[in-house]
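Heads up: the sequence lines are chains A and B, in that order. Per this note's numbering, residue 437 is the first one in the first sequence, and the count goes up by one each step. Per this note's numbering, residue -9 is the first one in the second sequence, and the count goes up by one each step.
Read the hints as simulated data drawn from the structure, not as lab findings. On a predicted model such as this, the values are computed, not experimentally measured, just so you know. Backbone N, C-alpha and C define an ideal beta-carbon position, used for all residues, glycine too. Take the hints with a grain of salt, since some may be wrong.
Not the full set, but computed from the structure, chain A residues with beta-carbon under 7 Å of chain B [said to hold, decoys possible]:
1) 532
2) 535
3) 537
4) 538
5) 542
6) 545
Sample of chain B residues with no beta-carbon within 12 Å of chain A, all distances over it, derived [to be verified]:
7) -7
8) 31
9) 58
10) 66
Quick list of simulated restraints, FRET-style, between CB atoms [stated by the list, open to error]:
11) B:3 x A:461: 28 to 34 Å
12) A:502 x B:66: 29 to 35 Å
13) A:542 x B:2: 26 to 32 Å
14) B:64 x A:451: 42 to 48 Å
15) A:462 x B:28: 25 to 31 Å
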Amino acid sequence: LAKTTQPISMDSYEGQEVNITCSHNNIATNDYITWYQQFPSQGPRFIIQGYKTKVTNEVASLFIPADRKSSTLSLPRVSLSDTAVYYCLVGDNTDKLIFGTGTRLQVFP
Amino acid sequence: GAGVSQSPSNKVTEKGKDVELRCDPISGHTALYWYRQSLGQGLEFLIYFQGNSAPDKSGLPSDRFSAERTGGSVSTLTIQRTQQEDSAVYLCASSGGEQNYEQYFGPGTRLTVT
């Protein structure tokens, strides 16, 4: 399973776009990139998954360069309710998820 | 529909006692996972079930930890002779629906060993 590296924490203000980058230099051909969000006192919640290029859903966008050694989760116009921990995971969807410590995003008014 | 449920939501136990934590996955989900999360830390994988079998037990921290799953549904995680370092939130997740890569997590059981 490829190891991921992401910033420990980030601060932002309401209405701003937030980009969280994750490094995964050892990503394998069969691996997908998945992001989860966790609010305090709750279990993680799936946000988005991608393999290459760009994926967009109602919550976020995921940008993956051609070499796939990194990925960027983009949250448009964040609000206070987006304050959470965001985890980047890499795997082939057939195995357990390896969670790191994630990125703690704090959104200020 | 119902999500993943876990019980109890909170458990306080004395050191040395045994505890059982229960997980009810989403109906029809074949895969079930147990994780634990210490305060301010990321999730630590414990064990994974596919159906009733456990192909990956690599995360169980010691032989005091065991888990079973019956009928391809409910799972119990048992911790024997609890220690203070076992205090954590124990999270269960299931997957195997239409988007079969997505894991759905329960609310967790907060275990405190005094």
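Hints, verified against the model:
At a threshold of 7 Å, the smallest CB-CB gap from residue 532 of chain A to chain B is about 5 Å, leaving the interface hint in force. Hint on residue 535 of chain A holds. Least Cβ distance to chain B is approximately 4 Å, under the 7 Å limit. Checking residue 537 of chain A against chain B: minimum C-beta separation of about 4 Å stays under 7 Å; hint holds. A cut of 7 Å between beta carbons decides the hint on residue 538 of chain A: the least distance to chain B is about 6 Å, and the hint holds.
Taking 7 Å as the C-beta cut-off, the interface hint given for residue 542 of chain A is violated, the closest approach to chain B being about 14 Å. Proximity of residue 545 of chain A to chain B is violated relative to the hint, the smallest CB-CB distance being about 24 Å (cut-off 7 Å). A Cβ of chain A approaches the Cβ of residue -7 of chain B within 12 Å, the least distance being about 9 Å, so the stated non-interface status is violated. A beta-carbon of chain A comes within 12 Å of the beta-carbon of residue 31 of chain B; the shortest separation is about 6 Å.
Remark: the non-interface label on residue 58 of chain B is consistent with the geometry, its nearest Cβ contact in chain A lying 18 Å away (cut-off 12 Å). Every Cβ of chain A is farther than 12 Å from the Cβ of residue 66 of chain B; the closest lies at roughly 18 Å, confirming the non-interface assignment. Under the hint 28 to 34 Å, the C-beta atoms of residue 3 of chain B and residue 461 of chain A, about 42 Å apart, miss the expected range. Roughly 46 Å separates the CB atoms of residue 502 of chain A and residue 66 of chain B, a value that falls outside the hinted 29 to 35 Å.
In this structure, residue 542 of chain A and residue 2 of chain B meet the distance hint of 26 to 32 Å, their C-beta atoms being roughly 31 Å apart. Between residue 64 of chain B and residue 451 of chain A the Cβ separation comes to about 45 Å, which falls inside the hinted range of 42 to 48 Å. Between residue 462 of chain A and residue 28 of chain B the Cβ separation comes to about 26 Å, which falls inside the hinted range of 25 to 31 Å.
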